[in-house]
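*Asks:* What follows is the residue order along each chain.
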Amino acid sequence: MTRTFATARRVLQQLGHDPRSIGMIVVLPSVLLLLFKYVYDGNPAIFNRVGPQMLGIFPFVVMFLVTSVTMVRERTSGTLERLLTTPLRRGELIGGYGVAFGAAALGQALVTSAVAIWLLDMEVNTPWAVVLFAVVDAVLGTALGLLMSAFAVTEFQAVQFMPLVVVPQLLLCGLLAPRDSMPDVLHRLSDALPMSYAADAFSELGSTSDFTSTLVTDLVILVGCCALALTGASLTLRRRTP
Amino acid sequence: MLNSPAVQIEGLTVIRGRTTVLPDLTVSVPRGSVTGLLGPSGCGKSTLIRAIAGIQVVKAGTVTVLDGPAGRPDARRRVGYVTQASSVYPDLTVMQNLLYFAALIGSDEAAAREAVDNVGLADKADALVADLSGGQRTRVSLAAALLADPELYLLDEPTVGLDPVLRRDLWQLFKRLADQGRTLLVSSHVMDEAGRCDRVLLMREGRIIADSTPDELRADTGQDDLEQAFLTLAEAAA
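Listed in order, the protein sequences are those of chains G and C. Under the working numbering, the first sequence has 55 at position 55, and the numbering climbs by one with no breaks. Under the working numbering, the second sequence has 1134 at position 134, and the numbering climbs by one with no breaks.
Derived from the structure by calculation, the hints contain no laboratory data. Please read these numbers as outputs of a predicted model, since none were measured by experiment.
Straight-line distance between alpha carbons at most 25 Å, and here's what the computed SDA-like set of lysine to any residue pairs gives:
{"no.": "1", "chain 1": "C", "residue 1": "1059", "chain 2": "C", "residue 2": "1015"}
{"no.": "2", "chain 1": "C", "residue 1": "1124", "chain 2": "G", "residue 2": "13"}
{"no.": "3", "chain 1": "C", "residue 1": "1124", "chain 2": "G", "residue 2": "77"}
{"no.": "4", "chain 1": "C", "residue 1": "1124", "chain 2": "C", "residue 2": "1173"}
Quick partial rundown of chain C residues pointing at chain G, CB under 7 Å, derived from the structure:
{"no.": "5", "residue": "1016"}
{"no.": "6", "residue": "1055"}
{"no.": "7", "residue": "1076"}
{"no.": "8", "residue": "1092"}
{"no.": "9", "residue": "1103"}
{"no.": "10", "residue": "1104"}
Using N, Cα and C, we set each Cβ at its ideal position, and we do this for glycine too.
Model the full assembly from the supplied sequences, consistent with the hints where possible.
*Replies:* Take a look at the structure:
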């Protein structure tokens, strides 16, 4: 446990020496949301329908990118090799990353939700649930980023995984068109993608004031996907390499 | 137990891609001494060190480190491995790096401070590693191994690119560690560093072509200069 938190502290310290990235993580989603609001200035219904879903998607995308690049850097710089010759367990390393970026995500979610609710008048009834789901989405992004980093040899490749992993989920998650209206194959495919449940939860949060059973189901599925991806990620860390 | 070698390798074969980097290598490293692993770039020094650190996939053979298989959990606590590239975080300060590595092995801040002193970087403790020179980064990487106070040090080219004064200081540090009973395996491609070691392993194309002391090496080859001695041995082996 000590080593998990030491790793989380180290990752946050690295982030601390990079104020520009902190700025991007904290402020960028709010700016994009603002842009989105005024693009649909003439049709506020669209912002009210899609806006809440975007609250869940930004943290996922940002954390996926940040994590996959950071982890590829760790793999290529030789620090990962060194860490694996210390008593640090693989799960502790992955857990440390999860905790660090989860904390960063909490900061991001608080700022973005505050801007959305108070500045942009987004109609959300349970702000705490919005923050909760935003953090879970961010951790999911982190988890998938850690997993996908195993398949990237360079940082350049890691960035290219974004269109591969994120864009199809964006298209299929129900943000652009309701999932029910999709062809059967795509609907079933979207059932298998975690972001569908994130988008589903946020549209639910935009329409009800209770923590409904739909939300509970979405939360369980999302947390399950995080656990699966984190486990997969720690299995990709091989102590012995050719 | 105490008389057994720190590292005992038998019939080690490592294949990377299609190249056989180490063909059937047998060698041992005695305890409480500085053993130099000398040879040109690409001769398999790093691969051999990685095998001892337990992070190299091996085809055949056994690698016994501190009386057990290489890379087992308790060996990870007792072996300090410093890679050729300075494997520390450039976007952290020297001290932040060392405190992180200290936390991983259950060491403390005092050990981290002492390690920084030992590599002569006390005045750079709060500098970002990214702002340091290559040689200074190498020393940060070395300090991260020192603070764990391991029984066995595996140092892959730790003195590359350092100025002569620093190189001398580091070799004196290695000697001190050996006098305290630590075992050091230090690789280098600079032949004159062989003279600073208690024992020398000369390596060429994945094979050990000499395993002796610097003095024996000079006597056996009739060469005063260790570089010349290597050439004599390499030609004899070919």
